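K.L.:
Sequence:
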Amino acid sequence: MSEEILINMTPRETRVGVVENGMLQELHVERTSRRGYVGNVYKGRVQRVMPGMQAVFVDIGLERAAFLHASDIVRPPLPEGAEMPSAGGGNGNGNGNGHVPSISELVHEGQEIVVQVVKDPIGTKGARLSTHLSIPSRYLVLLPHARTLGISTRIEDEAERQRLKDVLTPLIGETPLGYIVRTNAEGQSAESLAFDVTYLGKVWRVVQENIAKAKVGERVYEELSLPLRALRDLLNDDIEKVRVDSRETFEKVAKFVHKFMPSLDDRVEHYAGERPIFDLYGVEDEIQRALRKEVPLKSGGYLIVDQTEAMTTIDVNTGGYLGTRNLEETVYRTNLEAAQAASRQLRLRNLGGIIIIDFIDMTDEEHKRQVIRMLEKGLSRDHAKTTVYPMSQLGLVEMTRKRTTESLERQLCEPCPACMGRGTVKTAETVTYEIFREITRAVRQFNAQKLLVMASPKVVSRILEEESTAVAELEEFISKSIRFQAEEHYSQEQFDVVLL
0 MSEEILINMT PRETRVGVVE NGMLQELHVE RTSRRGYVGN VYKGRVQRVM
50 PGMQAVFVDI GLERAAFLHA SDIVRPPLPE GAEMPSAGGG NGNGNGNGHV
100 PSISELVHEG QEIVVQVVKD PIGTKGARLS THLSIPSRYL VLLPHARTLG
150 ISTRIEDEAE RQRLKDVLTP LIGETPLGYI VRTNAEGQSA ESLAFDVTYL
200 GKVWRVVQEN IAKAKVGERV YEELSLPLRA LRDLLNDDIE KVRVDSRETF
250 EKVAKFVHKF MPSLDDRVEH YAGERPIFDL YGVEDEIQRA LRKEVPLKSG
300 GYLIVDQTEA MTTIDVNTGG YLGTRNLEET VYRTNLEAAQ AASRQLRLRN
350 LGGIIIIDFI DMTDEEHKRQ VIRMLEKGLS RDHAKTTVYP MSQLGLVEMT
400 RKRTTESLER QLCEPCPACM GRGTVKTAET VTYEIFREIT RAVRQFNAQK
450 LLVMASPKVV SRILEEESTA VAELEEFISK SIRFQAEEHY SQEQFDVVLL
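Residue numbering for the sequence shown follows numbering that gives the first Met the number 0, starting at 0 and increasing by one per position.
Hints are supplied without guarantee of correctness; some may be wrong.
[Said to hold, decoys possible] Here are the computed lysine to any residue pairs in the SDA-like style, where the Cα-Cα straight-line distance is at most 20 Å: (1) K240 with V282; (2) K254 with V282; (3) K479 with D495; (4) K118 with Y198; (5) K292 with I303; (6) K457 with Q491; (7) K240 with E268; (8) K118 with S133; (9) K425 with D381; (10) K164 with L142; (11) K251 with E3; (12) K258 with Y198; (13) K254 with Y270; (14) K401 with I355; (15) K258 with I303; (16) K240 with D381; (17) K292 with Q410.
Hints listed in this document are in silico derivations from the structure and should not be mistaken for laboratory results. Predicted model only: the values in this text are computed from it and were never measured.
Produce the entire structure from the sequences given, and follow the hints as far as they go.
P.N.:
Encoded structure:
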């Protein structure tokens, strides 16, 4: 299987596409305006200690001083000039009969301190900080000074928890670093986990070098930009090529891969073609199709993908496809194709949470098993964790997919202002009668000789053509004249009744 990563850069937006056999499978989008500071590590200086609030303000080089509470300070730092504070051993609150250090015991004005941003500045508030540093990789989180090995509670299988512990314990060895095993490490090979341990070790060495030479207000670790995050999480031996359409980004990517994944150096190349890189692979068209509800199938059938707050539903329809044999065979073939298409759409649209797939009813038990198998096979290449449950008697398949970021639709779209996200608009007839009711209400409340109604062209033309008798009767009833004016920019549901 040929698999490539395409990186498209524009001044305000970065997009990363994963293409398998010429077909877009995943799309990741990052906009400059949305990039915050969370995850970044800075060398800061304590500006002001506020004993009453058990907190300090720290200068980390941002516009406003950042806020660090005593509970987010790991423990009293070592004497001046020593190594940075350790992140192990409690949260600085203390408990039981032990001594709870006050903020003045933990830090003092003018002190240099290494901190991580845990919450972006909002409005007039500065960023929120912590000295509990954490650096994520694909399957692990590094806790530089907490010598511990924790496993996410969402990995519930005891045998799997033990396997992960057995794999990682020798890899970590005598290192003074701590690790948390993330949920998506479940089922991963020893090689993948070893790769992450090596990667995090290298990152931490770089951070330590940066801390040693940094001045106050300088960033010593930055949460990776989208192209580098994508390579950290997606680049492996299966990826044949990484094509980058920006020379500057290509150089950053090449440097990153050389530093952390030197064996894959030769996979990265700069794309300097005339045609935009996404057009070359038909990615732009795929993105537009991924925002539609209907997904056509080669057989003539189609899927309807509906994303709601509670869940996503995928409805399978045969369309005009009748097949060459009997109906059961037709249904089976359509469902097989739909299972393959559905697994791709979940990944491409980045749909998470509860998903219900409504396959066309089948009577043959073996057919049902094969359809589920096809769905699971399609999902096996998905980087997000998925769980598929057996098909119900109604032909429904319930499944879950781990939510990572907002879905593609939520990232690129907003609710339609005309229908307010309902997906339907009131008919011109419904709006007409709403206007008539509003006229009656307005006349009772206010005194006016004439009325002007502004509405969409479709509604106005309907009123003047099909409802002219009703308008004449209404004018007689309220003893006032009504003028209708078509407004091109009004949506079908929008109207105004103005008293003149």
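K.L.:
A separate judgement is required for each hint: does it hold in the structure or not?
P.N.:
Against the structure, the hints:
For the suggested pair K240 and V282, the alpha carbons sit about 16 Å apart, so the restraint of at most 20 Å is met. The straight-line distance between the Cα atoms of K254 and V282 is roughly 27 Å, outside the 20 Å bound, and the hint therefore fails. Under the criterion of a C-alpha separation no larger than 20 Å, the hint pairing K479 with D495 is consistent with the structure, at around 17 Å. Between K118 and Y198, the direct Cα distance comes to roughly 26 Å. Violation of the 20 Å bound is thereby established for this hinted pair.
A threshold of 20 Å between alpha carbons decides the hint, and for K292 with I303 the separation of about 5 Å falls inside it, so the pair holds. The suggested pairing of K457 with Q491 holds, with an alpha-carbon distance near 7 Å, which does not exceed 20 Å. For the hint pairing K240 with E268, the CA-to-CA distance comes to about 7 Å; that is within 20 Å, so the pair holds. Proximity of K118 to S133 is assessed by CA-CA distance (about 14 Å); at most 20 Å being required, the pair is judged to hold.
For the hint linking K425 to D381, the alpha-carbon distance of about 40 Å lies beyond 20 Å, and the restraint is violated. At roughly 16 Å between alpha-carbon atoms, K164 and L142 fall within 20 Å of each other, so this suggested pair holds. For the given pair, K251 sits about 18 Å from E3 by alpha-carbon distance, which is consistent with the 20 Å threshold. Under the criterion of a C-alpha separation no larger than 20 Å, the hint pairing K258 with Y198 is consistent with the structure, at around 9 Å.
With a C-alpha separation of about 16 Å, the suggested pairing of K254 with Y270 holds against the 20 Å cut-off. Under the criterion of a C-alpha separation no larger than 20 Å, the hint pairing K401 with I355 is consistent with the structure, at around 14 Å. At roughly 45 Å between alpha-carbon atoms, K258 and I303 are farther apart than 20 Å, so this suggested pair is violated. For the hint linking K240 to D381, the alpha-carbon distance of about 19 Å falls within 20 Å, and the restraint holds.
This hinted pair checks out: K292 and Q410 have alpha carbons roughly 16 Å apart, not beyond 20 Å.
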